[in-house]
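Chemist: Put the two chains together into one complex; each comes in its own frame, and the hints tell you how they fit.
Chains A and B supply the protein sequences, listed in that same order. Heads up: the first sequence begins at 1 in our numbering, then just goes up one per residue. Heads up: the second sequence begins at 1 in our numbering, then just goes up one per residue.
For the record, the hints were derived by calculation from the structure and aren't laboratory data. Predicted model, so just to flag it, every value in this text is computed and none were measured. Please note that the accuracy of each hint is not assured.
As the list claims (entries may be wrong) - If you anchor each label on the Cβ, the simulated ranges turn out as follows:
#1 B/Lys410 / A/Thr282: 21 to 27 Å
#2 B/Ala289 / A/Gln380: 33 to 39 Å
#3 A/Pro312 / B/Gln274: 36 to 42 Å
#4 B/Glu237 / A/Ser407: 47 to 53 Å
#5 A/Asp323 / B/Ala474: 32 to 38 Å
#6 A/Lys287 / B/Gln274: 51 to 57 Å
#7 A/Thr350 / B/Ser276: 21 to 27 Å
By construction, the Cβ of each residue, glycine as well, lies at the ideal position given by its N, Cα and C atoms.
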Amino acid sequence: MELVLMLTFGFLEDPSDILIFFGRFHPLVVHLPIGFLILAIIAQFASRWPKFQPLKPFLHYLWGLGAISAFLAVLFGYLLSLSGDYDTDTLFWHQWSGIMVLVLSLACYSLFKKQGKNTPFVKWPLVVLVAITITYTGHLGGNLTHGSTYLLEYAPNPVRGMAGLPPKKEPRPKVTLLDSADIYLDLVQPMMDAKCISCHNPGKKKGGLLLTSHTELMKGGESGEVVTMGDAEASELFRRIALPEDHDDFMPSEGKRPLTEEEVDIIEFWITTGALPKGYVTELDSKKEIIETVNTYLGLDQNTIFGQTVEPPNTMLIDSLTDNGFIINRLMRDNYFLDANFSLSEREITQADLDLLMRLKAQLVWLDLSHSGVTDEHLQQLGQLENLVKLNLSGNAISDTGIQHLSKLTHLESLNLYNTKVSGELLNLLPKLGKLKSIYLWKTHIGDTLAIQLQEEYKNLTIVYERENFE
Amino acid sequence: MQRPLSRREMLGICKGGFGALAFTSMFGVLPFGCDRPKTSAADTDLYLGAHYMPKAKNIIFLYMDGGVSQVDSFDPKPRLAKENGQDPRKKFKVDATQFDNVGKILKSPWEFKQYGECGMPVSSLFPHIATCVDDIALIRSMTSNFPEHTNANYFLHTGSGIQGRPSMGSWMTYGLGSENRNIPGYVVLDGGLIPPGGLDNFKNGFLPASYQASILRAGAEPVANIKPLEKVNNLQEEKLQFIKQLDNSLIGKMGEADAVESAISNYELAYKMQSSIPELTEFKEESKATKKLYGFDSDDPHTRGYAAQCLLARRLVERGVRFIELTCPKVAADRWDQHSNLRDGHERNAHAVDQPIAGLLKDLKSRGMLEDTLVVWTGEFGRTPFAQGTDGRDHNPSAFSMWMAGAGVKGGTIFGKTDEYGYRVIENEVTIHDMHATIMHLMGINHEQLTFRFGGRDMRLTDVHGHVMKDILA
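Chain B with its partners taken away, still in its complex shape (with noise of 0.2 Å):
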């Protein structure tokens, strides 16, 4: 197991000490899960946490897996409606789409209606969201870089549209630490469906591994072995004790000991989630007009699903869990991805997670959480405003909606435009990036300022793009 250490781990190791000792002068304590392994305590700034007066204190985010269509949500086109049936290419420059399939220009199935005090429309696809739209800030001139999910849910994702980068709750957690020490500070919630790219999504990168998002599932296990399988307490305890010394005397012998550690730490917590995950779940205290309010008593198995991922999530928000991401549950149909079909499925996506949603937004609210809590909703990207076949919709990454309410955010706004077919944006776009630096700025991240050394350059979640979005912050 013994090999030489490395002149590179050598002065790693050395200057981590100096950086923890200047550390622990400077400022005494900090929370939990900023506890890096101690070879790479050298940037000890980042233990410092926010780098200005954050507004939120923790993100739900709600990802709406294979890209909802904008102008059957969010972005109403009346012009769809008047030419529906002609020609999409005698009108306007057709990109090529992924399954170049271009069918003719297809109108909306769903109405729409103006909602709340600010007046945003809203299509019948998303009753209860719409009662919401006060507290919602709309952007609807967002784009991609990619067209197909696998690279868009990773660009999504980590900001990069190739796997391996860290994720975003990865980073937030490695930024701010988690408050809650029996909990991981970076969850994802998984609603059944597991997006395109699969777990790469949620990964640590090249951050260390202690950041990578923890998946609890829907149903009586949320954590797979969660429930300890020794007859004896005693037993457990003892093992992991000896597990723990075998890792200990391997530490020094190895350099780079951010693997060792990660896991050491993460036996750690394993073993608190045993009580932790249990309580968690167990909705006893939860009223009976809680549960209704989020969608419990639906005749939709979906809803009631989804319905407890977004309680759920409301409760690790309770428990000072910083970054929470919501994946869709798996309906009769597709996920969002309607390429043909798009009544029924998007129809079946939007009760599923409608009810929920507003529940969810409604019960932060009135609790005063929503003052501290972000809730972003978003796909990876849109679809085209012309049929793909006769009654499905292609991929478009130039142009989608997406929103985001609580802390920090200016409800009732509208942000962005799109061209009268809601195909491009014209006005104000937005890319990932700039969604990215949003999301951080209001956690009270710099995203300039946030960075890991990898591969001989400070890294970023931004790369180096990104802008925060001044027009839409309260």
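Just chain A, with the same shape it has in the complex (with noise of 0.2 Å):
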């Protein structure tokens, strides 16, 4: 009773880990109540109607469970309240207005238990005031949690109007480009949005950090600055969240989404790079890897053709390409993307047989033509097959004055030009094949300086131009 007594009056300052414990019991406990009386009072309001009139002895046992449980949420509820980690202003209001629920329903109890005697007068003033006490205390028991913004941040406008919020900010438009990324705004802040700051938000500092903006975010917290420009391994909220998912300190805690290895990852480059508010991922000193990495947490390595439905081709036309010696794969069960094979026919490709492939125009995203006899003349017409994202065109003699045709095709990832005579024309194509993820340049006539300069200039492309032998 001691203890009890104490802890109402907020005599310990420095609470035990056990009464934290206890008090993390606070959001099992708190459903009870709202639910008991929730449904004392559809019961008490139910039971005016003849049909629900044998509920009238059992009411009071509906509030009186309701007051129970009202007691054990404001009992663990304090003690939650003494880790100190919520704004004070909002606790204030959600303690005292949850010990009012108790106060209410105690007091309804007693009221119906002498069930008879009371006053309509005094009765529905009660049990609606009851109502609002619980929604009160309920909200802003939300608000604590997970930050007063959480209930409206996806509301309409003119919801947020309502309330008093600005309109919901402009989110920044998706970024589909690898050189538009900002690694803070499209990379960092995001993830800090998605996954920490329902823990570091203004209604709810944990650990005194705040995780809403740049500027708050390298205030650091309670313990000091959590981030250490240039330094990652230094930094507290880089070891946090590359702790095994068991370690005490692993952020984020109590079984919260952890970031994935991507994220991490990003983080820590954000953080050896300076750890600045705002910057293009392209121009800070990047990695190879980090910029794949980052690709594909965009998802920008997704080729956007995928998303299409085609037709399915005319069957006709995949008689004749196949009589004509073309190999025809469908790619994929649920849709007709095809992939053309004509390196392993006997004779040469001809102007026929083209004009039949650009009849696949839409499903055509694989051709494979190396050793097909395919000349420069050939490549204006195969430019025009934009769906393709493979294409081999090896063992072709086939120069720059061909290749330079290629540059609509957009949605092309792998290129092989090996044993052809193309050259300097690549500095003029590349540019213009934004997907590009590999191309095979070994015999041909770019030589090494070329070469080397390509893959300078293309640090995301795997250039292959030379075969290595061993030491």
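Modeler: Below is the structure:
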């Protein structure tokens, strides 16, 4: 009893762990009075109907259950508040309206226990008051846990306006080009928003740390700065997210969704490069791996072409192509994208073959024309197969004159020019092939200097221009 | 010869007819090799090829017969050196081994060094493969269900430890067909050692007979009787025509036509192979540099032999062959199965395959072919970290290493972990079923959907198991 008294009057300045341990049962217990009391209120109103008349003798039990569970909720809630992680103002009102719920439900219990004698005049306002207090307490509780902006974060702007909130922040336009991706605004802050700010917001400053903006983040929390510019290992923020998940210090704590490996890598990269408030990823000192990680993370490596649905190809057309020596494969069940291979044919490709191929323009995404006698003139037509993702032209007598026609193949991810005569024109072609991931240039006329220049310029691109040998 | 149709056969024939009709109206043409006997054409969906966008079009499966020792190749264990010569039973629980001749803890006779940008450690057994580690995804946490070669081989090849199931190559060609009309879609290059368990490792099982492996031997005549015996060209053609006529007349009278139809298509293919195979095995057009890269100029005849097999594998991939398995050369020691004399045996085996494999990877890469080709390197199980007798290692199915390189694989990654002795897997166990599921996934096949009805059940390569190893995918 002494203990309870001490707690109620807030004598404990430095709470021991055991109290907070019990305090954390508050979220579990707190939903019981909400349920019981709402049930009691509904039953109370329903019992006015003749049909639900028989409920009457049991009403006070419901109020009693509500009162007992409200008492537990208040007790655990108080213990939880000792941890001091919450906004004091909101906490004050939450605490006292919670106690109010307890008092009111006790009042209802005693009132309805002596049924029959009470007057409707006292009864109904009391019931309505309980309903209002519960709602209010619950709302404040929600604000404490999820942050005060949580409820209306996705509300339509007129609703937000009524609540006195500014209109929704215009989200940054979705990054579609890697070069336009900002390290903080497009990568780090969205991660914080998604995974960290539910505990590190103005309403619930866990560890005194706010992660709602760059300025706040750099200020750090109770134990000082959390980010050491340029040194990820020394940064508390990075240390906490990079720990094994079962470690005590691991963040996000309490079983909330952890950051993915990619996210951790990106944050490490952000801190290493100076933890800047903004700056384009590609302009920072980026290694190839991090560029790849960012690419995958932002979903930029997904080729938009596969988002389309294409018509089934004409079967007669497929027949003729097959008769001409093409091997046609369908690449997936749920769409009609095709792979065409002419490299196994024993004859050289002709204008007639290409004309047929052009009619598969929509469906054709992979094309293998290696060792098929393709000429520079042929490329003019092949350059119109705009959906191509993979193109193999190795072993053909094609040169710079021909490959300039390939500039419209913007979906191209892989281009095989091994054993051809191409050279300097690549400098003009490559900037136009934004999706290109790998290009094969062994046994071409490019020479080492140009190859190295290309590799310097296109860090995301795998350029294979020689055959390594053993030392 | 004629016998009455059974009820099942009658129904089978009818449903096939309807299925085939429905199919041709749905999709016109399919790669050759998908033409299965008409009576089983009811599962028309399978003709459609990949389930989803494939990464790999072809597979080269480098089978390391006998079980390479993981702690001597790709999984360094410094603790073995520290505790060399101590009694393993005092350190950890030792399972029953095949020969029950448990010796002392045995450190690796080979040094490990880190290679590549990824810093993957590789032992001095594989100095050439070590130069390719940035293209390799290493899995250190493989397990098998069987501690003995024959069953482990069946398990590795067919997903079941008991003989009779279709080999993975058969499943691949069944699911995807072959692109070449003149060469079979599933080829085993016999380097000299047929694995324990024999040809059942490469059989079609309950799948139609045309999906079984064709075995090409090393040397002048890769396929028996590939040179026509008839002096006159015409004569052979006429003979074949006559046989086909006889076979065709039989089909209508027999219910289960699979065997006859497979025979017909086999004759046709064999006829075409008379010209395609000599062209394939003729390395005239390969440059000196290429041959040197593979190790054609090695002093070791086994290296030269395996080099030819690897080059042949690349040429088969160029010709659209779906699944190519290489078996090991017959070096002076046993296969990788060093129950004694570990040092000598492993060195001989490694020397034979190391440079050719590295040459293959580099050659494929520079030609842009590694992008469509999946190279898989594995044995059927691993070896114990303690000695058998004094200088051998016994079988260990509880942990071994394998690697994949090429299409869709994240190069330079190491997946899974074994304990400090390399004896058991402690993190991210990968079963043989998982490996099959992953290989199929890379080929665009959902391993749960490629099925064949047999014995009243829809059979799969992975049976009821298998998870795709997402962590090693690019």
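Chemist: Determine for every hint whether it applies to the structure shown.
Modeler: Tested hints:
1. B/Lys410 / A/Thr282: 21 to 27 Å: holds (22 Å)
2. B/Ala289 / A/Gln380: 33 to 39 Å: Hint holds: Cβ distance 34 Å, inside 33 to 39 Å.
3. A/Pro312 / B/Gln274: 36 to 42 Å: holds (38 Å)
4. B/Glu237 / A/Ser407: 47 to 53 Å: holds (51 Å)
5. A/Asp323 / B/Ala474: 32 to 38 Å: Once the Cβ atoms are compared, 37 Å apart, the range 32 to 38 Å for B/Ala474 and A/Asp323 holds.
6. A/Lys287 / B/Gln274: 51 to 57 Å: holds (54 Å)
7. A/Thr350 / B/Ser276: 21 to 27 Å: Hint holds: Cβ distance 24 Å, inside 21 to 27 Å.
In summary, this structure violates none of the numbered hints.
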